Amino acid sequence: MERWWHDAGIAAPRLIGCELVRTLRGRVRRGRIVETEAYLPDDPASHSFRGLTERNRAMFGPPATAYVYRIHQVLCFNVVTGPRGQGEAVLIRAVQPLEGEDLMARARAAATQGSRPPSGFGLTNGPGKLCQALSITPRHDGQALLDPDAAPGLRLEIRPAVAEIRTSPRIGISKGVELPLRFFEAGNPWVSPGRPSAP
DNA sequence: ATGTCGATTCCCT
DNA sequence: GGGAATCGACATA
Numbered sequence: 006m007e008r009w010w011h012d013a014g015i016a017a018p019r020l021i022g023c024e025l026v027r028t029l030r031g032r033v034r035r036g037r038i039v040e041t042e043a044y045l046p047d048d049p050a051s052h053s054f055r056g057l058t059e060r061n062r063a064m065f066g067p068p069a070t071a072y073v074y075r076i077h078q079v080l081c082f083n084v085v086t087g088p089r090g091q092g093e094a095v096l097i098r099a100v101q102p103l104e105g106e107d108l109m110a111r112a113r114a115a116a117t118q119g120s121r122p123p124s125g126f127g128l129t130n131g132p133g134k135l136c137q138a139l140s141i142t143p144r145h146d147g148q149a150l151l152d153p154d155a156a157p158g159l160r161l162e163i164r165p166a167v168a169e170i171r172t173s174p175r176i177g178i179s180k181g182v183e184l185p186l187r188f189f190e191a192g193n194p195w196v197s198p199g200r201p202s203a204p
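If you're matching positions, the first sequence starts at 6 in the working numbering and goes up one per residue.
Worth flagging that the hints you see were computed from the coordinates, not collected in a lab. Some clues are possibly wrong.
To be verified - When the alpha-carbon atoms are kept at most 25 Å apart in a straight line, the in silico SDA-like pairs for lysine to any residue are as follows:
| hint | residue 1 | residue 2 |
| --- | --- | --- |
| 1 | Lys180 | Glu104 |
| 2 | Lys180 | Ile15 |
| 3 | Lys180 | Ile76 |
| 4 | Lys180 | His77 |
| 5 | Lys180 | Gly14 |
These numbers were taken from a predicted model, which means no experiment stands behind them.
Take the sequences, apply the hints, and build the full model.
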């Protein structure tokens, strides 16, 4: 485990450019991470702020495992960081489809019955959207992400650091709003809408 | 036991 | 750009 895993504030930008690989029924979906948010220890915006609960248990597990939680009928996917027990994690907010885009579209359409089938950047440009596109489920909560033999078929592949990364305040929170803990790849159209890009 | 509040998304103006 | 949807987890008047 490399050093950068021990700090969500470092891991969050470092996870930009890494790839999330979902294997289901022998078929592969691959997404390149383009947007993340860090949630730190003693961070009032973090689910871990008030200590361990049933929901955030996975956040206190070992680094490079998944923390999956439900919010507003939707799932969000995090990569746990820091030494075990710190309650740190990095929220994955958007990915760029690299493989299996058709399967992602099908999964999104199935998850959003009632509305028009999602297409274009809307396929994976949000934390709930990418979970639908990759068929991430509550079963992935707590699962190791670097293990190539991971049973649930969800894996994280480390890639070289990306050069052009921008920061901004985090989205959708009411505490800790000023901290620049959101990271995204400059100019990438798959980054979620809703925030201006800082140079 | 019950009330509050979202680490969101979609649809509308 | 704003608001409704909608329900489970969490904290507690």
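Results for each hint:
no., hint, verdict
1, Lys180 / Glu104, "violated (36 Å)"
2, Lys180 / Ile15, "holds (21 Å)"
3, Lys180 / Ile76, "holds (17 Å)"
4, Lys180 / His77, "holds (19 Å)"
5, Lys180 / Gly14, "holds (17 Å)"
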